[in-house]
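K.L.:
Read top to bottom, the protein sequences are chains A, B and C. Per numbering that gives the first Met the number 0, the first sequence starts with residue 0, numbered consecutively. Per numbering that gives the first Met the number 0, the second sequence starts with residue 0, numbered consecutively. Per numbering that gives the first Met the number 0, the third sequence starts with residue 0, numbered consecutively.
Rather than coming from a laboratory, the hints here were simulated on the basis of the structure. One or more hints might be untrue.
[Unchecked claim] Each computed BS3-like pair below joins lysine-lysine, with the alpha-carbon atoms no more than 30 Å apart:
no., chain 1, residue 1, chain 2, residue 2
1, A, Lys6, C, Lys7
2, A, Lys356, A, Lys296
3, B, Lys197, C, Lys102
4, B, Lys111, B, Lys197
5, B, Lys274, A, Lys129
6, B, Lys111, C, Lys284
7, C, Lys102, B, Lys274
8, A, Lys100, C, Lys7
9, B, Lys274, C, Lys284
10, A, Lys100, B, Lys197
[Unchecked claim] Covered, in the sense of this in silico footprint (three residues per stretch, anywhere, with C-beta under 8 Å from a C-beta of chain A), are these stretches of chain B:
no., stretch
11, 163 to 175
12, 182 to 194
[To be verified] Listed below are several chain B residues computed to face chain C (Cβ distance under 7 Å; list not exhaustive):
no., residue
13, Ala43
14, Pro44
15, Ile94
16, Phe113
17, Pro124
18, Gln126
19, Tyr215
20, Leu216
21, Ala254
22, Leu266
23, Gln269
Positions of the beta carbon are idealized from the N, C-alpha and C atoms, including for glycine.
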Amino acid sequence: MATIEFKQVRKRYNDIEVIHGIDLAINRGQFVVIVGPSGCGKSTLLRMVAGLEEVSAGEIIINGQLVNDLPPKKRDIAMVFQNYALYPHMSVYENMEYGLKMRGFDRKEIKFRVMKAAKILQLESLLKRKPRDLSGGQRQRVAMGRAIVREPSIFLFDEPLSNLDAKLRVEMRLEIYKLQRELAVTSLYVTHDQVEAMTLADILVVMNKGIIEQVGKPLDIYKRPTTVFVAGFIGSPAMNFIKSTVYDRGQTISIIDQQLIHLPYPLLKQYEETEIIVGIRPEALQIAQSRDQDQFKVKVEVVEALGSDTIVYGRIAGSGQQLVAKLTSNIVTHPGEYLALSVKPEQLHFFDCDTEKRILGI
Amino acid sequence: MVEKSIGLKICTHLCLVIGIIILLLPIYFAWVASTHSVKDLLVAPIPLTPGHQFLHNYYTVLTQGSEGGGSDPVIFMLRNSLIMALGIALGKIIISMISAYAIVYFAFPFRKLFFWLIFSTLMLPVQVRIVPTFQVVASLNLLNTYSGLILPLIASATATFLFRQFFMTIPTELIDAAKMDGAGPMRFFVDVLLPLSKTNIAALFVIMFIYGWNQYLWPLVATTSDQMNTIVMGMQKLTLAVDQIPEWNLIMATAILALLPPVLVMLIMQRWFVKGLLEVEK
Amino acid sequence: MRKNVCFKSAYLPYLLVLPQIVITLLFFIWPALQAISESVVIQDPFGLYSRFVWFHNFVTLFTNTDYINSLIVTLIFSLAVTILSLVGGLFFAVLANRVTRGKRIYNALLILPYAVAPAIAGVLFRFLFDPAIGIFPYWLHYFHYTWNFTINSRQALFLIVIISAWQQVSYNFLFYLAGLQAIPRSLIESAALDGAGPFRRFWSIIFPLLSPTTFFLIVINMLYAFFDTFGIIQIVTQGGPANATQTLVYKIYQDGFMGLDFGGSAAQSVILMLVIIVLTIIQFKFFERSIEY
Numbered sequence: 000m001a002t003i004e005f006k007q008v009r010k011r012y013n014d015i016e017v018i019h020g021i022d023l024a025i026n027r028g029q030f031v032v033i034v035g036p037s038g039c040g041k042s043t044l045l046r047m048v049a050g051l052e053e054v055s056a057g058e059i060i061i062n063g064q065l066v067n068d069l070p071p072k073k074r075d076i077a078m079v080f081q082n083y084a085l086y087p088h089m090s091v092y093e094n095m096e097y098g099l100k101m102r103g104f105d106r107k108e109i110k111f112r113v114m115k116a117a118k119i120l121q122l123e124s125l126l127k128r129k130p131r132d133l134s135g136g137q138r139q140r141v142a143m144g145r146a147i148v149r150e151p152s153i154f155l156f157d158e159p160l161s162n163l164d165a166k167l168r169v170e171m172r173l174e175i176y177k178l179q180r181e182l183a184v185t186s187l188y189v190t191h192d193q194v195e196a197m198t199l200a201d202i203l204v205v206m207n208k209g210i211i212e213q214v215g216k217p218l219d220i221y222k223r224p225t226t227v228f229v230a231g232f233i234g235s236p237a238m239n240f241i242k243s244t245v246y247d248r249g250q251t252i253s254i255i256d257q258q259l260i261h262l263p264y265p266l267l268k269q270y271e272e273t274e275i276i277v278g279i280r281p282e283a284l285q286i287a288q289s290r291d292q293d294q295f296k297v298k299v300e301v302v303e304a305l306g307s308d309t310i311v312y313g314r315i316a317g318s319g320q321q322l323v324a325k326l327t328s329n330i331v332t333h334p335g336e337y338l339a340l341s342v343k344p345e346q347l348h349f350f351d352c353d354t355e356k357r358i359l360g361i
Numbered sequence: 000m001v002e003k004s005i006g007l008k009i010c011t012h013l014c015l016v017i018g019i020i021i022l023l024l025p026i027y028f029a030w031v032a033s034t035h036s037v038k039d040l041l042v043a044p045i046p047l048t049p050g051h052q053f054l055h056n057y058y059t060v061l062t063q064g065s066e067g068g069g070s071d072p073v074i075f076m077l078r079n080s081l082i083m084a085l086g087i088a089l090g091k092i093i094i095s096m097i098s099a100y101a102i103v104y105f106a107f108p109f110r111k112l113f114f115w116l117i118f119s120t121l122m123l124p125v126q127v128r129i130v131p132t133f134q135v136v137a138s139l140n141l142l143n144t145y146s147g148l149i150l151p152l153i154a155s156a157t158a159t160f161l162f163r164q165f166f167m168t169i170p171t172e173l174i175d176a177a178k179m180d181g182a183g184p185m186r187f188f189v190d191v192l193l194p195l196s197k198t199n200i201a202a203l204f205v206i207m208f209i210y211g212w213n214q215y216l217w218p219l220v221a222t223t224s225d226q227m228n229t230i231v232m233g234m235q236k237l238t239l240a241v242d243q244i245p246e247w248n249l250i251m252a253t254a255i256l257a258l259l260p261p262v263l264v265m266l267i268m269q270r271w272f273v274k275g276l277l278e279v280e281k
Numbered sequence: 000m001r002k003n004v005c006f007k008s009a010y011l012p013y014l015l016v017l018p019q020i021v022i023t024l025l026f027f028i029w030p031a032l033q034a035i036s037e038s039v040v041i042q043d044p045f046g047l048y049s050r051f052v053w054f055h056n057f058v059t060l061f062t063n064t065d066y067i068n069s070l071i072v073t074l075i076f077s078l079a080v081t082i083l084s085l086v087g088g089l090f091f092a093v094l095a096n097r098v099t100r101g102k103r104i105y106n107a108l109l110i111l112p113y114a115v116a117p118a119i120a121g122v123l124f125r126f127l128f129d130p131a132i133g134i135f136p137y138w139l140h141y142f143h144y145t146w147n148f149t150i151n152s153r154q155a156l157f158l159i160v161i162i163s164a165w166q167q168v169s170y171n172f173l174f175y176l177a178g179l180q181a182i183p184r185s186l187i188e189s190a191a192l193d194g195a196g197p198f199r200r201f202w203s204i205i206f207p208l209l210s211p212t213t214f215f216l217i218v219i220n221m222l223y224a225f226f227d228t229f230g231i232i233q234i235v236t237q238g239g240p241a242n243a244t245q246t247l248v249y250k251i252y253q254d255g256f257m258g259l260d261f262g263g264s265a266a267q268s269v270i271l272m273l274v275i276i277v278l279t280i281i282q283f284k285f286f287e288r289s290i291e292y
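Next comes chain A alone, as it looks inside the complex (with noise of 0.2 Å):
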């Protein structure tokens, strides 16, 4: 169990500078996520904690240790990569032991350590297989088994999941999740998945282009995302985005033309008569109850009935601006057909167009 600081993390490639001045601190058994789409050097950054790259500027401390110039294999870290990166000649047993006896541990301590391992991942009957006769899930639990037999201080993890389909996925997300809380250790996360990052952390750090857009619980991002990026990334459908031009001393947002939003105060004051973005999140959009709701039409074009809950595309009417709307399943509706939409006014998201930050208020 450890602690990782990042300060003012820079890394380079032949002068390209890919992360910018990374800060953040890990407290001790924290599972700390970091989501963000692919390039945006979360896995550099990971490589960085392992000590696979160099850090070109800043500083990595664990456990109070500045550790830039230590090589990987006195970082007390185990990590699980993408493509399980296991010894193809080795069995399951060989490839588990195989950190434990580059680090010189006895014999019998090595055996009782992957046995308890193996105990826990249910792989006691797969030992002595090759990883080739091995399914996927078997072959990523084997990679677990490998970092947790050396119960390291710190678990990275690399996109560990990508490889899984879906249902196998969602399997291996459980058992990390249990896994995780069990032993308790400190744990680095990375995936471009915000399903993974929103059910796994504790911690989510969402990243783009080289930095940190926002650090926080996984609801509070959700709830409260401090930029377009990170609203547009966290959620499924995807936040809508309108451009809205705010009127009557911030009090009322005209979507399109006459269709109004009233807010229940002036919170938009200094943004009078200027543009913002206005985000809504599919989910908090409704069908409209009452006529003197403020509401706008959507012509509907696709309708995607999940069951659990039907999600609607369209138009708002009057204008060319596409809006996804995440429905309860007893709505039916079809391409072609108008729908009244409305939206309470604490479940709107506003943006300032140029900075593309949140605008505190609500």
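Starting from the known structure of chain A, arrange chains B and C on it as the hints suggest.
P.N.:
Using the frame of chain A, we list chains B and C on its own:
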């Protein structure tokens, strides 16, 4: 193929069988001749079927050599050939594997230069540099030594390339995993790379063993003492012995003994041989 | 090369490349440089004196009828070997690709000549074609054809072509077989559906698809005929009769070791190095293309 007619099938097999018989006729006649007495081979036509002198002829060449040709017992030549072939095959594999390892897995100054140096050997086969190489080996006092026989043939750009290509197909995450497991570069080489290269090593071994065993010009130049003769170059003495009635039965017995080891190695390791030949592409 | 997957060590990589570099410098680069330097001097056989003569040795070579003869012999010889062994290899490959039963045995027998040393192949054929007792001259006798390659230069050249091609058929066979197996079945089937018979299919589809293999093999076979046939010539004809089978490599050996003409021999070596460099470049240029293809 698309056609399934029986006639075409039989025709194909027939053509193959006849073709192979013609192809292997020289070896068959050598075998036949090696089982006859020298008298049977003095006048044409030579016999077309095996005789009864098999044991006698082979025993003679193995232990005494061909008297008339004044050659040494073939058994010593076989030993020399074996040492040279193994030396060349294993030596090539070892030095090209470790140099490929350095070139693929390390970033270091002059890497490109070394790469091109190794590459240049592709353009300098022993036949071309035969005279100056002889001079170099002579000045190093390596004539009539196994080192002198082996070393000038041991550097191989092709083997280095083969390993380089292979190493580059190994997933990079495996190296990361080894680093996390605490394995250094040499441990990684021994514990991971070596076991994974097994088939490549086997393939190269067959090709290089045959290459080494079948060397002719270099042993001819680099050895003057009879004790260092290899069997393939030793043939030359037998066949070129002037003013002698050639003892074809013994010459052919020696030839069969000379071609047997590489042929056997090739047949036993056929799978690797084919893989090796197609990948090494000389 | 590859991103960030390197080990770090100050001395280890040098230690690892050291053996190959030392051997390369000692037995490849040094002799090559020596050949180049010797090619521009004249020295007496005992190395007592030497004189710098610029390109005199090269000029001498190309005005020497022996060398020109050797050049022509080599060209005819290597072309004949290449064509003959390519045709043979392709023939066997097409047949072997058709069979399913006995495939392994056929293949094993067909690759057998590759394992036989050129010098040994020379001995085997010399015996078969020996003017006195050889079986082929004996048979040819029935057709009133006199065979004696030791005095007839055409027969001598023909014989070493046959032996060299015999050796190389196996190699070409393997590459053509691999090439044939790489041709997608669907292509051949669709041609069959278009109504093309087996021979049509071969010439209009299979053979063009094999052209990368053919091209590669032409270069390899030329290199082989140039350099690896020394043993055959030495055992069978010693370059005779009347230099009819004296190839360039054989001449280097004879001039260097028998004639002790180091300057001339070195000049010939330098020329052959250039030949190899050109052939290698052609091969690599072609490979770049074939990778895109």
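K.L.:
Does Leu266(B) pass the interface hint, meaning its C-beta sits closer than 7 Å to a C-beta of chain C?
P.N.:
holds (6 Å)
K.L.:
Lys197(B) and Lys102(C): Cα distance at most 30 Å?
P.N.:
Status holds; Cα separation ~26 Å.
K.L.:
With a cut-off of 7 Å on the beta carbons, see whether Pro44(B) makes it to chain C.
P.N.:
holds (5 Å)
K.L.:
Under 7 Å is the threshold here; is the Cβ of Pro124(B) close enough to any Cβ of chain C for the hint to stand?
P.N.:
Because about 5 Å separates Pro124(B) from the closest Cβ in chain C, which is inside the 7 Å limit, the hint holds.
K.L.:
Are Lys111(B) and Lys197(B) close enough, with their CA atoms no more than 30 Å apart?
P.N.:
holds (27 Å)
K.L.:
Confirm or reject the coverage of the stretch 182 to 194 of chain B by chain A under the rule of 3 or more residues with a beta carbon closer than 8 Å to the chain's beta carbons.
P.N.:
Result for this restraint: holds, n = 5.
K.L.:
Within 30 Å, alpha carbon to alpha carbon, are Lys111(B) and Lys284(C)?
P.N.:
holds (20 Å)
K.L.:
If you take the shortest Cβ to Cβ gap from Tyr215(B) to chain C, is it below 7 Å?
P.N.:
Holds. Min distance 4 Å.
K.L.:
Taking 7 Å as the limit, does the beta-carbon of Gln126(B) come near enough to a beta-carbon in chain C?
P.N.:
Holds, because the Cβ-Cβ distance from Gln126(B) to chain C comes to roughly 5 Å (cut-off 7 Å).
K.L.:
Straight-line Cα separation of Lys102(C) and Lys274(B) no greater than 30 Å?
P.N.:
At roughly 16 Å apart (the allowed maximum being 30 Å), Lys274(B) and Lys102(C) satisfy the hint.
K.L.:
Measuring from the C-beta of Ala43(B) to each C-beta in chain C, is the shortest one below 7 Å?
P.N.:
holds (4 Å)
K.L.:
Would you check the hint for Lys274(B) and Lys284(C), treating anything up to 30 Å between C-alpha atoms as holding?
P.N.:
holds (24 Å)
Comparing the model with each numbered hint stated earlier shows that all of them hold.
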